[in-house]
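Asks: Chain residues, written in single-letter form:
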Amino acid sequence: MGGIAGESIRVRGVSAGYGASDIVRALTLEAPCGQITAIAGPNGAGKSTLMKAVAGLLPLRSGKVLLGGRDVSVLDPTQRAAAGLGYVPQEHNVFRNLTVAENLRVGFEFIRRTGRRTEFAAARDRVLTLFPDLASRLRAIAGSLSGGQRQMLAIGCAMMPGPMALLLDEPSAGLSPRSVHDMFEAVRKVNEAGVTVLMIEQNLVEAVRICDTVVLVVGGEARGQWAADAFLGDPQVHALFLGQPGEAGGATVHGGGVCGTSAA
Amino acid sequence: MAQALLNGMVSGMLIALAAIALSLTYGVLNFPNFAIGAMITTGAYLAYFLNAQLGLALAVAAPLAAIGLALISVVVAHAVYRPLRTDDPIALLLASAGVTFVLENAVRFIYGAEVRGFDQPVARPLVWQGLRLNHEQLVDAAVAVAAMIAVAVILKLTRLGRAMRAISDSPALAQVRGIDKGRTIDWTWALAGALAALSGVLIGLDGTVEPLIGTNYLITVFAAAILGGIGNPLGAMAGGLVIGIVEEFSALVLPTTYRQGASFVVLVLVLFVRPQGLAGVARFRR
Amino acid sequence: MMAYLVSILTFVALAALLALALNIQWGQAGMVNFGIGGFYGVGAYTAAILSVRGTDPLTATIAAIVVTAAASAFVSLASIRLRDDYLAITTLAFAEAMRLVMLNEEWLTGGSDGIRDIPRPFIQFVGGENYEPAFLAVCFALVGGVYILLERLVRAPFGRALRALREDDVVAATLGKEVLKLRIKAFAIGGAVIGLAGALHAFYFTYIDPGQFAGFVTVYAFMAVIAGGKGSNSGLLFGACTVMVLVEGTRFLKDFLPFLEPSQAAPLRLILIGVGLILMLIFRPGGIMPEYRLSVREWTPPTGKKLT
Chain A
144 MGGIAGESIR VRGVSAGYGA SDIVRALTLE APCGQITAIA GPNGAGKSTL MKAVAGLLPL
204 RSGKVLLGGR DVSVLDPTQR AAAGLGYVPQ EHNVFRNLTV AENLRVGFEF IRRTGRRTEF
264 AAARDRVLTL FPDLASRLRA IAGSLSGGQR QMLAIGCAMM PGPMALLLDE PSAGLSPRSV
324 HDMFEAVRKV NEAGVTVLMI EQNLVEAVRI CDTVVLVVGG EARGQWAADA FLGDPQVHAL
384 FLGQPGEAGG ATVHGGGVCG TSAA
Chain S
1371 MAQALLNGMV SGMLIALAAI ALSLTYGVLN FPNFAIGAMI TTGAYLAYFL NAQLGLALAV
1431 AAPLAAIGLA LISVVVAHAV YRPLRTDDPI ALLLASAGVT FVLENAVRFI YGAEVRGFDQ
1491 PVARPLVWQG LRLNHEQLVD AAVAVAAMIA VAVILKLTRL GRAMRAISDS PALAQVRGID
1551 KGRTIDWTWA LAGALAALSG VLIGLDGTVE PLIGTNYLIT VFAAAILGGI GNPLGAMAGG
1611 LVIGIVEEFS ALVLPTTYRQ GASFVVLVLV LFVRPQGLAG VARFRR
Chain R
159 MMAYLVSILT FVALAALLAL ALNIQWGQAG MVNFGIGGFY GVGAYTAAIL SVRGTDPLTA
219 TIAAIVVTAA ASAFVSLASI RLRDDYLAIT TLAFAEAMRL VMLNEEWLTG GSDGIRDIPR
279 PFIQFVGGEN YEPAFLAVCF ALVGGVYILL ERLVRAPFGR ALRALREDDV VAATLGKEVL
339 KLRIKAFAIG GAVIGLAGAL HAFYFTYIDP GQFAGFVTVY AFMAVIAGGK GSNSGLLFGA
399 CTVMVLVEGT RFLKDFLPFL EPSQAAPLRL ILIGVGLILM LIFRPGGIMP EYRLSVREWT
459 PPTGKKLT
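Residue numbers (our numbering), protein chains in the order written: chain A, 144 to 407; chain S, 1371 to 1656; chain R, 159 to 466.
Pulled out of the complex, with its shape left as it was, chain A reads as follows (with noise of 0.2 Å):
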């Protein structure tokens, strides 16, 4: 499928928020080369800030991010994007009123800005092998697509530069399941193409089944990583969910219990 190199992205000490004070503080989490990373956390942890800094839409109040060995924490979306660095925000994430194919084609125009229709057609064919929904309607407004498929559409337009590494903001939020099923396997392929993912997501028990490793986030620190398959059943992270440093919870984690729903 085309050997994209995937970079890892390292995350040192940063600090991020929207107003006086930081939402995410001093935070280090790395998303190793070629994995899929899973970041979780109850809600207001600070994971979509951490994301939007990561992405370029916040500044850093301290700290670096670094893809592969380069420090990207001064470049904008756009030069990130450049640099390798795709994102999914989790609204608005297509646009709605231009057709699937334009989609696809602005996902690359812009990035790779002098990039020739050849390899434009190559992007477009990768990724419509990855989606192949998606090749049937080219033509169509993609308002008018079901949630699944303008979340592959979604993906799809950041796949679209080439980029060696993924960032997904809750990549599975609002989706009927069959759809969730359907979306991680198009992320694992992603994945088996070469490019590392780093993704937030409510829906741990759908998500630990193709991440390698899951971070926990709380009230913006990262309080471990975990290896995918210890994550849900270890009962410490039950209990930093709940916000209970040290207790047990009594019980053990049951997979719907903590996730896949609102966590408390």
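Heads up, a few of these hints could be off.
As the list claims (entries may be wrong) - Selected chain R positions facing chain S (in silico; Cβ < 10 Å):
id	residue
1	Leu240
2	Arg241
3	Asp242
4	Thr248
5	Glu254
6	Ala255
7	Leu258
8	Gly373
9	Phe380
10	Leu418
11	Ser421
12	Leu430
13	Leu437
Unchecked claim - So the derived label-pair ranges between C-beta atoms look like this:
id	chain 1	residue 1	chain 2	residue 2	range
14	R	Glu419	S	Pro1645	43 to 49 Å
15	R	Leu418	S	His1448	27 to 33 Å
16	A	His235	R	Tyr162	54 to 60 Å
17	A	Ser319	S	Leu1508	55 to 61 Å
18	R	Arg313	S	Leu1622	52 to 58 Å
What the hints contain is simulated information worked out from the structure, not anything from laboratory work. Note that CB positions come from ideal geometry on N, CA and C, so glycine has one too.
Dock chains S and R against chain A, hints included.
Replies: Structure of chains S and R alone, referenced to chain A:
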């Protein structure tokens, strides 16, 4: 009746050009550009300057005026609208009211309030099956159609057009996808300025050149743009034609001084009944 | 000189009334009225038409107030659910429509010739030179009265409810009709004040024509509100003074620039006023008062790039 339809279509095209200009900036910037009337006037006077004073043929003066107003529009955007640092439509509306004061009165300052006309050879009107089409109307229609085709091509087929539509759809996502908002906005103003100038030239050709020609069209142009679906430049074309025809037909029934009243009624009806305009059904809200 | 000062102050009083009205409509109830000039004209013409036909000035003024309030209520009732910019366009269109009526219905309004020889109220009591200062005193008293009334309103539950509505359109939409009636009431109260100003305008100038009620009136009112700041009623008085100083001050331009032809002085004045408006908008701290605009969109995320 058919004559009214014909006249309406021609005047509708002039309105359409200005309505497209309005829709472009409304869509990309969420900006109700009150100064569209003043832009029309300025465009007409630029052409007048080139044509009647410098002696250039109108066919040359008009495109030059379009380029001139395109530049002026970009300068105004940088000098007035950008420093406001807001996307609040009311602040922008007020700023454009200020720009209207300046542009219209600059024209009055230089040229006074007298009625003027372009230096054009007089030609006989065409008559065909009982319908009259005078030379000016023919030119108007041809230029307007050419301009509308050009706009459609730009919007649908070029990268710039996609950028404009993308920003119009979702400014935040456009930024993420690498679209240079500043440059695209500049081009949007340039295009709007060029269209407004053409509209002004054609209006001046069809009638006279005087400082109020733009303001007289203000409500009409807004009505056309809103009818076509705000932010939908292609819809604005249709809106312009419809309004032109409506106004022309209303002149058969109402005294001519109430001509604008027809636009007013259409505007109010559209806003109250179907604010997204006729073509609005396909548009998905941001 | 004194006479000139009196006339300037009268303009200030009229501008202050318009600014107070706009503050109730826009500042408190969040409804943008871009047709102030038209409503002003409705008030003026009502008073003029009645008094020229023999009605006494008090009744004529009350009629002006009622008619303008009713027109305002009507327009706001129809446009209550429109978003801001559409409301601005609608009120503008209304003003234009009024202007067309003023121009065309000659039997009523005298068309473009307007109405002349409007009888001055109570001139039989206060003759000659003392009239204008006396009129000014009445105007000031009225401004004061309206000010007190509106301050009361702002502090009353009525005012608080309005401000709550203004801040959150979604809340306003869900709370239903009772609450929307508040907005219409506010708009009508503003309209009543505009009507009063219109009547005073007619009596002061004794001659009115459609050209006096064009868009610039609306712009001046907005300028007064913007210059005055923070939506406070006292600020508005300051704002009204500022605007009138700007408007009248530029009248002296031709004395400083004698090489200007007379027909050039007026446009130059208006250019300066336009520039003044733009500068006011750019340099007011916080743009157009956060007090007035609380749309979420105005918040620009703190990135390197601005949204506009």
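Asks: Go through the numbered hints given earlier and state which of them the structure violates, listing their numbers in rising order.
Replies: Violated hints: none; all satisfied.
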